[in-house]
Structure formats: structure tokens, C-alpha cells
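There are 2 protein chains.
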Amino acid sequence: MRMTEFFMPILRENPAEAQIVSHRLMLRAGMVRQAAAGIYSWLPMGLRVMDNIAAIVREEQNATGAQEVLMPTIQSADLWIESGRYEDYGKEMLRITDRHERPMLYGPTNEELITDIFRTSVKSYRQLPRNLYHIQWKFRDEVRPRFGVMRGREFLMKDNYSFDLDFEGGKRSYNKMFVAYLRTFARMGLKAIPMEAESGPIGGDMSHEFLILAETGESQVYCHRDLIEFDPNEAALDYSGDLQPIVDRWTSLYAATDEQHDAARFEAEVPADKRVEARGIEVGHIFHFGTKYSKPLGALVTGPDGEQVPVEMGSYGIGVSRLVGGIIEASHDDDGIIWPESVAPFRVGLINLKAGDGACDAVCEDLYAKLRGAGIEVLYDDTDERAGGKFATMDLIGLPWQLVVGPRGVKDGTVEVKRRLDGERVTLSAEDALGRVQG
Amino acid sequence: MRMTEFFMPILRENPAEAQIVSHRLMLRAGMVRQAAAGIYSWLPMGLRVMDNIAAIVREEQNATGAQEVLMPTIQSADLWIESGRYEDYGKEMLRITDRHERPMLYGPTNEELITDIFRTSVKSYRQLPRNLYHIQWKFRDEVRPRFGVMRGREFLMKDNYSFDLDFEGGKRSYNKMFVAYLRTFARMGLKAIPMEAESGPIGGDMSHEFLILAETGESQVYCHRDLIEFDPNEAALDYSGDLQPIVDRWTSLYAATDEQHDAARFEAEVPADKRVEARGIEVGHIFHFGTKYSKPLGALVTGPDGEQVPVEMGSYGIGVSRLVGGIIEASHDDDGIIWPESVAPFRVGLINLKAGDGACDAVCEDLYAKLRGAGIEVLYDDTDERAGGKFATMDLIGLPWQLVVGPRGVKDGTVEVKRRLDGERVTLSAEDALGRVQG
Numbered sequence: 001m002r003m004t005e006f007f008m009p010i011l012r013e014n015p016a017e018a019q020i021v022s023h024r025l026m027l028r029a030g031m032v033r034q035a036a037a038g039i040y041s042w043l044p045m046g047l048r049v050m051d052n053i054a055a056i057v058r059e060e061q062n063a064t065g066a067q068e069v070l071m072p073t074i075q076s077a078d079l080w081i082e083s084g085r086y087e088d089y090g091k092e093m094l095r096i097t098d099r100h101e102r103p104m105l106y107g108p109t110n111e112e113l114i115t116d117i118f119r120t121s122v123k124s125y126r127q128l129p130r131n132l133y134h135i136q137w138k139f140r141d142e143v144r145p146r147f148g149v150m151r152g153r154e155f156l157m158k159d160n161y162s163f164d165l166d167f168e169g170g171k172r173s174y175n176k177m178f179v180a181y182l183r184t185f186a187r188m189g190l191k192a193i194p195m196e197a198e199s200g201p202i203g204g205d206m207s208h209e210f211l212i213l214a215e216t217g218e219s220q221v222y223c224h225r226d227l228i229e230f231d232p233n234e235a236a237l238d239y240s241g242d243l244q245p246i247v248d249r250w251t252s253l254y255a256a257t258d259e260q261h262d263a264a265r266f267e268a269e270v271p272a273d274k275r276v277e278a279r280g281i282e283v284g285h286i287f288h289f290g291t292k293y294s295k296p297l298g299a300l301v302t303g304p305d306g307e308q309v310p311v312e313m314g315s316y317g318i319g320v321s322r323l324v325g326g327i328i329e330a331s332h333d334d335d336g337i338i339w340p341e342s343v344a345p346f347r348v349g350l351i352n353l354k355a356g357d358g359a360c361d362a363v364c365e366d367l368y369a370k371l372r373g374a375g376i377e378v379l380y381d382d383t384d385e386r387a388g389g390k391f392a393t394m395d396l397i398g399l400p401w402q403l404v405v406g407p408r409g410v411k412d413g414t415v416e417v418k419r420r421l422d423g424e425r426v427t428l429s430a431e432d433a434l435g436r437v438q439g
Numbered sequence: 001m002r003m004t005e006f007f008m009p010i011l012r013e014n015p016a017e018a019q020i021v022s023h024r025l026m027l028r029a030g031m032v033r034q035a036a037a038g039i040y041s042w043l044p045m046g047l048r049v050m051d052n053i054a055a056i057v058r059e060e061q062n063a064t065g066a067q068e069v070l071m072p073t074i075q076s077a078d079l080w081i082e083s084g085r086y087e088d089y090g091k092e093m094l095r096i097t098d099r100h101e102r103p104m105l106y107g108p109t110n111e112e113l114i115t116d117i118f119r120t121s122v123k124s125y126r127q128l129p130r131n132l133y134h135i136q137w138k139f140r141d142e143v144r145p146r147f148g149v150m151r152g153r154e155f156l157m158k159d160n161y162s163f164d165l166d167f168e169g170g171k172r173s174y175n176k177m178f179v180a181y182l183r184t185f186a187r188m189g190l191k192a193i194p195m196e197a198e199s200g201p202i203g204g205d206m207s208h209e210f211l212i213l214a215e216t217g218e219s220q221v222y223c224h225r226d227l228i229e230f231d232p233n234e235a236a237l238d239y240s241g242d243l244q245p246i247v248d249r250w251t252s253l254y255a256a257t258d259e260q261h262d263a264a265r266f267e268a269e270v271p272a273d274k275r276v277e278a279r280g281i282e283v284g285h286i287f288h289f290g291t292k293y294s295k296p297l298g299a300l301v302t303g304p305d306g307e308q309v310p311v312e313m314g315s316y317g318i319g320v321s322r323l324v325g326g327i328i329e330a331s332h333d334d335d336g337i338i339w340p341e342s343v344a345p346f347r348v349g350l351i352n353l354k355a356g357d358g359a360c361d362a363v364c365e366d367l368y369a370k371l372r373g374a375g376i377e378v379l380y381d382d383t384d385e386r387a388g389g390k391f392a393t394m395d396l397i398g399l400p401w402q403l404v405v406g407p408r409g410v411k412d413g414t415v416e417v418k419r420r421l422d423g424e425r426v427t428l429s430a431e432d433a434l435g436r437v438q439g
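Respectively, the protein sequence lines represent chains A and B.
Each residue of the first sequence is one higher than the last, beginning at 1 in my numbering.
Each residue of the second sequence is one higher than the last, beginning at 1 in my numbering.
These aren't lab readings, by the way, just hints derived from the structure by calculation.
Careful, some of the hints might be misleading.
List of simulated lysine-lysine pairs, DSBU-like, C-alpha gap at most 35 Å [claimed, not checked]:
no.	chain 1	residue 1	chain 2	residue 2
1	A	Lys171	A	Lys295
2	B	Lys370	B	Lys295
3	A	Lys171	A	Lys91
4	B	Lys191	B	Lys171
5	B	Lys123	A	Lys91
6	A	Lys354	A	Lys370
7	B	Lys123	A	Lys370
8	B	Lys411	B	Lys354
9	B	Lys354	B	Lys295
10	B	Lys354	B	Lys123
11	B	Lys171	B	Lys370
12	A	Lys123	B	Lys354
13	B	Lys370	B	Lys354
14	B	Lys370	A	Lys370
15	B	Lys370	A	Lys123
16	B	Lys354	B	Lys191
17	B	Lys274	B	Lys171
18	A	Lys354	B	Lys91
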């Protein structure tokens with residue numbers, strides 16, 4: 001993509017309304033634009049990142065055997081009345097009346113609707129286990145939306161729902177998601193730590209939050225330092241095998257958010273030099289809640305003995321739009337964003353220091369064509385801005401690799417390669433530079 | 001995907017509520033499930049098709065230079081009050097009041113919001129032309145939602161918006177979309193005919209609807225027969241070149257829907273043997289409306305002469321979820337759906353006539369692995385249903401190719417290949433069968 005054509009309305013100044021770094025950088029880098037309080041339009045740069053995140057989530061979900069569906073945003077209130085949550089949910093639920101005066105709502109979550117799909121489709125234990133997910137916009141009418149996409153009102157979430165015959169099956173489904181979440185966040189360059197959690201309005205008797213550590217995190221967290229060093233990538237992961245040992249390893253050490261924190265237990269279980277107190281950002285939450293919805297909604301299956309039993313359920317959420325902000329909170333410096341390669345909007349930024357100069361243009365066009373030919377996403381700064389402005393913009397938007405082409409280098413047949421992560425610069429031939437950014 | 005694992009709740013009986021064939025077949029094939037009146041959940045089979053359609057739309061939009069963004073579903077009423085449409089839009093607009101009693105709405109279209117993004121980002125004619133699109137859920141509170149996804153309330157639409165300095169630029173942007181639409185629908189196996197249209201609540205002075213012909217179409221259409229034979233694939237299409245000749249070719253012959261039909265002109269312009277009167281389904285609609293929104297919303301750019309002028313705009317819609325139904329209306333038979341290869345949920349259906357038989361299982365597993373290895377989407381019927389049921393299901397769901405493996409063929413080393421489109425069957429070696437379905 002040529003920068004002269006790319007719709008990327010950069011802000012030179014820090015926007016006054018942004019209190020946290022991810023909000024500030026997303027506005028400055030032209031990733032989002034506020035449409036209303038807590039509601040954002042995603043501009044091309046932001047959408048590219050969100051799509052990359054969603055793709056990783058989707059791949060890791062599919063790897064577990066979960067299948068993708070897509071439930072609507074607007075739901076009838078009927079099912080929520082049936083489950084008993086319609087009154088409970090409070091003012092965070094956006095309630096709507098349609099033209100026929102029927103009560104509707106913008107789904108803040110989908111336990112009721114998926115249970116309805118299940119109860120009309122699945123009748124026998126032989127059709128279990130079943131895990132269905134979707135990636136869809138949700139709405140929670142926060143009283144004070146803030147922090148940009150980190151606590152917006154309309155947000156994109158992956159939520160899925162597991163259905164099993166009994167508790168043991170439910171535990172297996174829970175474990176699959178537990179492990180899939182570790183892998184999902186690791187692929188985004190994040191170190192997410194599972195912590196015991198309250199289940200809140202979803203309900204349930206087993207629940208973990210996944211938090212990433214960041215100075216600006218919304219929650220105070222307490223954990224054993226070894227958790228931060230654990231490698232979330234299991235050598236030969238088999239989702240049909242027993243995942244309990246993996247889950248046990250991660251849950252054997254102390255990790256809790258503020259609400260669940262037990263200072264006495266923390267001190268008893270964790271040696272002083274291993275105690276971590278830090279700030280965290282929630283990026284995922286998993287619940288096992290058994291028959292909380294299947295009972296009132298009558299989602300029954302016939303078991304092997306011919307008896308009808310309510311199905312065991314769990315639900316599992318990842319905040320997809322929130323992760324865009326979360327990754328920035330965890331990965332930035334004073335100059336701007338530092339995108340992990342897996343989610344970067346473009347892998348390479350190509351800077352032409354003298355656009356309009358025949359020799360520089362020729363080298364840049366050649367690199368641009370070769371990168372594209374190799375299937376590498378590249379943003380080519382072909383504008384006539386000053387060099388200082390170009391460097392600042394490229395650092396701000398945080399692409400992992402920068403290729404800098406200027407008159408002096410062109411004369412010597414060289415290109416400068418800068419790695420955004422650590423600022424390392426090397427001067428290479430064009431060919432070697434291409435090899436380097438291709439990794 | 002193995003059918004024993006795939007979530008595909010087939011209905012054996014015709015659902016009573018479905019009045020048209022696409023609605024009936026989508027329910028029977030387990031593609032969608034109604035969540036509320038005019039609101040659907042998309043199950044895996046339906047979502048796969050909708051994703052394939054969206055991918056084609058996206059590719060063809062990107063080819064024109066349009067860039068993807070994503071605006072939210074919920075909008076503030078403020079912008080609509082500013083444009084003057086808030087009162088005009090009537091009861092089809094889903095109006096919402098948030099917890100702070102602010103008037104919001106579920107966007108039925110996005111002219112106001114995109115104009116707001118534009119006016120705060122683009123200031124000079126040098127940043128034009130600009131074309132931004134998104135693929136997002138919309139809501140129109142139809143008084144009588146019906147015909148399944150063909151006239152739902154919550155629907156997925158691709159809408160984009162062009163911004164140009166003057167009318168001539170606007171015309172070029174309009175022509176790009178005109179040509180892109182012809183290509184887009186052709187790739188889905190559809191013959192879409194552009195017809196002069198009224199612009200309705202969007203407003204404007206130049207507008208075409210794209211209709212596909214189907215017996216069950218909602219509109220009466222009148223056109224010159226030659227339009228049906230025109231090839232929408234231009235040999236060497238260059239979007240930066242002059243597209244007017246292509247547009248002229250398609251608009252030189254009579255084509256009109258009911259509302260615009262002029263019987264006298266039809267008879268004068270079209271020879272009797274070339275007159276087609278048929279039913280049509282609208283799948284796209286394009287508008288040029290000049291400064292209708294840029295003036296009231298103050299979307300001004302500085303022209304080459306330093307004067308500030310309101311930007312010229314157009315908008316362009318494709319009904320993505322509606323197309324799923326539209327393609328079925330145009331492509332089915334008494335046995336079920338006939339998917340064009342480009343949008344099929346799976347390319348191949350592999351039928352094991354004797355699941356559990358060692359020899360049949362071995363041949364099927366081998367074919368299944370080889371197809372997947374070749375990157376071909378395959379649905380493997382590994383259930384223990386009777387042969388008749390398997391054939392009926394495979395015809396119902398309409399995958400382009402069927403591979404049938406039975407004990408007799410296995411003994412002879414052969415597989416039956418059936419093409420769903422014309423029912424043609426050939427008996428081939430496993431290797432040749434693979435070659436045939438790979439196309």
C-alpha cells in the first residue's frame with residue numbers, strides 16, 4: 001500500500017480525551033475514530049490489526065474442534081425472560097423496543113440464544129460434545145465508557161459455548177479452552193496468566209480470567225513469578241488427549257486478581273522473592289456453569305441410559321477489539337506502538353527519503369514490487385514529507401521492520417534496515433535487506 | 001470436515017413458515033435458524049457461504065482501490081439530525097435510548113457517519129479521490145419481515161462511499177463501482193443486470209439497481225434480451241482508465257424495474273422478440289448524490305483554486321446476507337441447492353456408502369486426506385445413515401461435486417463422481433476422481 005493512497009489520518013498532537021497510552025496511540029496512528037461515547041469506527045490501519053487478531057483467535061478455536069457460527073446482535077427479550085436474566089442484567093443491557101412494541105435487546109452475551117439453538121437441534125448424547133463460537137459485536141451500556149477500545153460500549157468479542165453430557169465432559173471442554181487461550185495470546189506476543197476469577201453475571205462454579213501484565217492495567221494482580229516464565233507452547237499438543245496436566249501446571253501456582261486475592265494465602269504459598277504484584281488487563285474469561293441455562297431453558301439430551309438430562313455448559317470469551325488496545329498497552333515506547341509481527345497491520349514500512357528523486361524512486365519501487373511479490377504486506381511512504389516526519393510516523397505506527405532508502409545509500413547500493421522492537425539498525429544491500437525482513 | 005462432527009441440523013420436512021424456496025432450503029440444509037422475526041443465526045453451513053460471498057465482494061472492492069473500514073452498528077442520532085434524515089427515515093429505523101437518555105439508532109445505512117469521518121480527516125482535493133467501504137450488520141425494522149434472509153431486519157451489507165472534488169470525478173467513482181459490481185456478481189455465478197432506479201431515501205440524481213433474474217423475484221423487470229447475454233468480464237480491465245464505454249454498453253439497452261418502467265419506451269426501443277419480462281431480485285444498488293450530505297454536514301475540501309467546496313459523494317451497496325438467499329433462488333432444483341463453486345460451503349461431498357466397512361473406510365479416509373492435503377474443502381459423510389438418505393442430504397446441501405464410495409466400486413478400484421449442477425455421473429479410478437473434482 002502506498003501511503004499517498006492509504007487512508008491513515010495521523011494526528012500530530014496528543015488528543016486531549018485520551019487518558020491511557022493505547023487510546024492515545026490508536027487515535028494518533030489513525031486506527032480508530034470515536035463515533036459516539038464508547039463507540040468507535042475502525043479505520044484501515046486499526047481494522048487490519050483487529051482482523052489479524054480475529055484470524056489468530058479463529059485458527060486456535062478451530063484447532064480445538066470448535067465450529068464457527070454467527071448469532072445476530074439484536075435478540076428478543078423472550079429468551080432472557082425465560083432464563084431469568086432479563087431483570088438481573090441491569091442498565092448495562094441496551095434495551096430496545098421495536099416498531100411493534102416488542103421488547104428486544106442488543107446482546108451483551110449469548111448464553112440464552114446459543115442454548116435455544118442447541119435445544120432445538122441436539123437431542124442425544126451421541127451428538128456431544130459440541131462447541132460453537134462466534135465473533136460478533138456486543139454492546140454493554142457502560143455508565144462511563146473510557147480508555148478507548150479498552151472499555152467501549154460496542155465491542156467485538158469471540159464467545160463460545162460448550163455442551164457436554166456430564167461434568168467430566170464439561171471439564172474436558174473447559175480444559176481445551178484453557179489451553180487454547182494460552183496459545184492464542186502467546187501467538188499475539190502476549191504473556192497471559194490465568195487467574196481464578198469470580199463468575200459475575202454469567203454465573204458458574206469454575207472460572208478463570210486471563211490477564212496480561214501492563215503498567216496501565218485496570219486490575220491489581222498477585223501471582224507467582226514462575227507463571228511469567230512458563231512457556232505456553234506445548235510441544236505436541238493433542239486436544240483429544242488429557243489436558244489436565246497442563247491446566248494443573250498453570251493453576252498450581254498462586255495467581256489472583258484483586259477481587260479474589262487472599263493476602264494470607266499469597267504469603268503462605270509464594271516465597272517472598274517470587275511474589276509479583278502488578279497491574280493486569282483482562283483479555284479473556286472462561287466459565288463452567290453446568291446447567292444454569294440448560295435447566296431453565298430445557299436444553300435436555302437423552303443419555304446412554306435413556307434418561308433425559310440437562311446439558312452441561314460452559315462459555316468462553318476473548319475481547320477481540322479490546323486486545324488491539326491491550327497489545328499496545330503491553331508493547332509500546334515513547335515513540336509509539338511496537339507491533340508483534342503476528343498482528344502488525346503491515347510487516348514492513350518502506351521509507352523513501354527523497355520521493356521524486358529518480359534513483360531513490362527506482363530503488364523503492366523495486367523493493368516495493370519484490371516485497372509484494374513475496375506476499376509481504378508493506379506500507380510504502382512515498383509522500384514528500386521531510387525525513388524527520390517520516391521517521392516519526394513510522395515509529396508511531398509501529399511496523400516491525402523499516403526499510404530506509406536515501407540518496408547516499410542508493411549511491412552505495414545500500415538500504416538501512418531498522419527493527420522497531422529494539423531500534424537495531426543495519427546497512428545492507430537491497431537483496432540482503434529483503435532477506436532480513438522476510439525473516 | 002466429518003459429517004459426524006459437523007454441526008448441520010438438517011430438517012427432513014419443509015418448514016411451514018417458509019414461503020419461498022431459498023428460505024425453505026436454508027432452513028432445511030441447516031444454514032440458518034430464526035432467532036426472532038426477521039433476525040437469523042447463521043449456522044456453520046450458512047456462515048461458510050456468507051463468508052465466501054463477503055470475500056469475493058472484498059476482493060473486487062479492493063481491486064478498485066477502495067479501502068476497508070468498519071463503522072459501528074450503533075450510531076448517535078446527532079448526525080442524523082444534522083443531515084435532516086432523522087425525522088424522514090420513518091419507522092424502519094430502529095431508534096434506541098441509552099442509559100443516559102441519549103437518542104441512538106441502529107444504522108440502516110452510513111452516509112452520515114462516513115461523512116463525519118471524512119470531514120474531520122480530509123481537507124484538500126489532493127487527498128481525493130477517496131473510497132471507503134465496510135461490511136457490517138445493518139438493521140431495518142421492516143413492518144413484515146419475511147422470505148428468510150431475503151427480507152430480514154438484521155442483515156449484512158457491504159456499503160461504500162466515494163468522495164470526489166467535482167461531478168466528473170464522482171462519475172468516475174460511480175463507473176468504477178458499476179463495473180466492479182458486474183464482476184462481483186459474475187464471480188458468484190450470477191447474471192446481474194443494471195437497471196435505472198429511483199434513489200429512495202438515500203437521495204441523488206444517478207442510480208442503478210443490479211437485479212438477478214429468478215422466477216421468485218420480488219420485482220417485475222423489463223429488459224432487452226441482449227443484456228442477459230452480455231459478458232461482464234472485461235478482457236483487460238484497468239480501473240484507472242476510462243470505464244465510460246463499458247457503462248455505456250450496459251446502459252444503452254432498455255432495462256427497468258416496475259417503478260421506473262415506461263411501456264411506451266420499452267416497445268419503441270426494444271424489438272418484440274428481444275423484450276424480456278421477468279421477475280428479478282435486487283442484489284446491489286449504487287447512487288451518486290453529489291452534495292446531499294456534504295453540504296449540511298460541512299464536508300468541505302480546498303480545491304486547486306483555494307476555494308472551499310462541498311465534496312461530491314456517492315454510495316454503493318451490496319446485500320451480502322441477502323445474496324446467500326438470492327443465489328439459491330437463482331440456482332436450485334427439486335432436490336435442493338446447487339452452489340456455484342465460488343461460494344460453495346465445501347467443494348466436495350464425500351459419501352461413504354458403508355461406514356464401518358474396513359475397505360470402504362480405508363478408501364474414504366485416503367480420499368479425505370488427499371483432498372484436504374490439496375487444500376480442497378470437503379465434507380465427508382461418515383455417518384451410518386442409509387444410502388438413500390445420504391444421497392438426499394448431499395443433493396439438498398448442493399455441494400458442487402460428490403464422490404461416492406461403495407463396496408462394489410471399492411472391489412473394482414473405482415469411485416463414482418457426480419456433478420451436482422447437471423447430475424452427470426462418471427465412474428473413475430480414485431486418482432482420476434481426485435483430478436476431476438480439483439478442476
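Going through the hints against the structure:
For the proposed pair lysine 171(A) and lysine 295(A), the alpha carbon gap of about 18 Å is at most 35 Å, so the pair holds. Distance restraint check for lysine 370(B) and lysine 295(B): the Cα-Cα separation of roughly 59 Å exceeds the 35 Å cut-off, and the hinted pair is therefore not satisfied. Under the criterion of a C-alpha separation no larger than 35 Å, the hint pairing lysine 171(A) with lysine 91(A) is consistent with the structure, at around 33 Å. Distance hint between lysine 191(B) and lysine 171(B) is fulfilled; the C-alpha atoms sit about 24 Å from each other, no more than 35 Å.
Distance check on the hinted pair: lysine 123(B) and lysine 91(A) sit about 40 Å apart at the alpha-carbon level, beyond 35 Å; violated. Note on lysine 354(A) and lysine 370(A): the hinted pairing holds, with a Cα-Cα distance of about 20 Å set against a maximum of 35 Å. As the CA atoms of lysine 123(B) and lysine 370(A) are separated by approximately 33 Å, the hinted pair is consistent with the 35 Å bound. Our distance criterion of 35 Å between C-alpha atoms is met by lysine 411(B) and lysine 354(B), whose separation comes to about 13 Å.
Of the pairs offered as hints, the one joining lysine 354(B) and lysine 295(B) is violated, with about 69 Å between alpha carbons and a cut-off of 35 Å exceeded. Restraint check for lysine 354(B) and lysine 123(B): the C-alpha separation of about 68 Å exceeds 35 Å, so the hint is violated. The suggested pairing of lysine 171(B) with lysine 370(B) is violated, with an alpha-carbon distance near 50 Å, which exceeds 35 Å. Of the pairs offered as hints, the one joining lysine 123(A) and lysine 354(B) holds, with about 24 Å between alpha carbons and a cut-off of 35 Å not exceeded.
Taken as a hint, the lysine 370(B) and lysine 354(B) pair is honoured in the structure, with Cα atoms around 20 Å apart against an allowance of 35 Å. At roughly 33 Å between alpha-carbon atoms, lysine 370(B) and lysine 370(A) fall within 35 Å of each other, so this suggested pair holds. For a cut-off of 35 Å, the pair hint linking lysine 370(B) to lysine 123(A) stands: about 33 Å separates their Cα positions. A distance of roughly 40 Å separates the Cα atoms of lysine 354(B) and lysine 191(B); the hinted pair therefore is violated under the 35 Å criterion.
Annotation: proposed proximity of lysine 274(B) to lysine 171(B) holds, straight-line Cα distance about 30 Å (limit 35 Å). Distance hint between lysine 354(A) and lysine 91(B) is unfulfilled; the C-alpha atoms sit about 56 Å from each other, more than 35 Å.
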